[in-house]
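2 protein chains.
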Amino acid sequence: MKEREYIQDLAAQADAAGVIQGIGDDCAVLRLGKGRVQLASMDTLVETIHFDRRFHPPELLGRKVVSVNVSDIAAMGGIPKMLLLSSGLPPGFDEDWVRAFNRGFLTACTEYGCALVGGDTVASPGGFSFTVTVLGEMAEKDLLLRSSAEPGDAVYASGQLGAAAAGLALLQAGQDQDDPDFAPLFARHLNPSARVELGQKLATSGLVHAMMDCSDGPATDLAHLCAASGLGAVLFAENFKPSAALAEAARLCGAQALDWMLKGGEDFELLFTAAPDQEASLRELAAACGLPLLCLGRMDREPGLRLSTGGQESPLGFQGYNHFQED
Amino acid sequence: MKEREYIQDLAAQADAAGVIQGIGDDCAVLRLGKGRVQLASMDTLVETIHFDRRFHPPELLGRKVVSVNVSDIAAMGGIPKMLLLSSGLPPGFDEDWVRAFNRGFLTACTEYGCALVGGDTVASPGGFSFTVTVLGEMAEKDLLLRSSAEPGDAVYASGQLGAAAAGLALLQAGQDQDDPDFAPLFARHLNPSARVELGQKLATSGLVHAMMDCSDGPATDLAHLCAASGLGAVLFAENFKPSAALAEAARLCGAQALDWMLKGGEDFELLFTAAPDQEASLRELAAACGLPLLCLGRMDREPGLRLSTGGQESPLGFQGYNHFQED
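Chains as they are written, first to last, in my numbering: chain A, 1 to 327; chain B, 328 to 654.
There is no bait here: all hints are sound.
With a Cα cut of at most 27 Å, we get these calculated DSSO-like pairs of lysine-lysine:
#1 A:K141 / A:K201
#2 A:K34 / B:K468
#3 B:K361 / B:K528
#4 A:K201 / A:K241
#5 A:K34 / A:K141
#6 A:K34 / B:K361
#7 B:K528 / B:K468
#8 B:K361 / A:K141
Just so you know, the hints here were simulated from the structure itself, not pulled from any lab data. In this text the structure is predicted, and so the values were computed from the model without any measurement.
Using the sequences provided together with the hints, build the complete structure.
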């Protein structure tokens, strides 16, 4: 059973009153009235699967647990409002570590303007585990789903992809965390930011057709967006230009920078589609948030996700990280 | 660090706009407008800590994961609406077990009238783990918090306490699950029901002052209610009458029935306070839901929770289950 089959087995759901979007997007969308919708999303981070305490400082991990969840609100164009946290704590856990985690968690809540309103605390036999539910809000008319991309749309990302995967690979290889050359790569793995401000600007601009966050890498994420929109897409390998740091990290780790950019995941950049003649306006919106805009490819009617290299297309399926590792 | 200290460390929170009740009640309460509030709660069940797969049928466990969460909505007098589920699945998990769990989970969602709208699925190195966030709704004027008990109030429970603890002890001792003598005890541990209908009736009756659900046993739960209301309470040992099945189970397991009733927990009955002259009306409301009404004691101004046995009072502190087991 793969992760997708498990979710499909669960998602056999009737439409419920007030539910605009159930399982299948970054957030569930629930009608609040007066043209407003509520957004709800839930993400779990498990020790050894999603984080390694040997090199992840607890304060940054606390912040990351918030950012990873808030990123799903950003991916709809919404405003994060409230969080619930369930903490699984192993026997004999280090209290100082937990206090530092909590500090980072609460600092991030303040930063994103959302309040911790509840949760649970349980013993956990398998190491630390943190589950967050985030609730957000926005105008229904501005909502950006995965399912509304149009053929001919350009596909954009809000920043350098592959940085989180490169940072993780370097840390796993024992690279010094204080090495300034790799600082942006370490930061993207240890302390990513949710693109909340850009998400809201894109949503209210009326220029964007479909959006999601890039949590598993575009090879997986864009395939989901294609499936939801009933379209395909081609990504242009030429447009995936690694930064000098990313290229150097790939060399050091014996990895391919393009692989990290396509399949690394955890960058939490926004991935969105818009008519190609809007690029200048979109670039301005991104620049106002201090972010670059990368054009990755083009939506079309040909099914599936493809990578074009020197004019040659090859298929690019669901190749992201499968947490069940049965592939 | 005890569970309560951990929660206090996290709860150092500023009041946020629209948050009527943050950490510290069964649910967080958020203002929706038009006199309505949203309720949000989160609970995690961890294998070996909260459930034992050797005797817990997966379909019943799936149902219990929903009921335990919906019970927090019932405890405010609310209507459950939506659920998010994060499933932690161990390596090489039994697919049939998971499918049966999902069936039970979804059946319970339908039963309680709420929809599964999202969640997450992750690998879990320490066995199965299920975290649910439940969202509910109600009129703000009917909201029943823990903090509004009054001195002189009678304290009630909506059914036999101690049944879940007795059922668990029997199962752990290897008692045959099909033994009809103990069926209500097994059922209360394996397949508890959330008292949603009674919760709503009590909330709209205007007769109840404070309410919560009984998840850790009254020795712990009522101490929380006392602290939140700035009051104390005395429980009358004479009013804790074990059923014949409970008494027989205690004899078989070498346990005290009164201990199970006070400290066993997981019964998910409603625990509430009201003026003592309203007992006849409250009894009618409970009977309309097929439930008994047990008077456990009385709220007063003397601090702390006490047990009165033959007119002699002795202190009864936080003696429920501490998941961190450091007491």
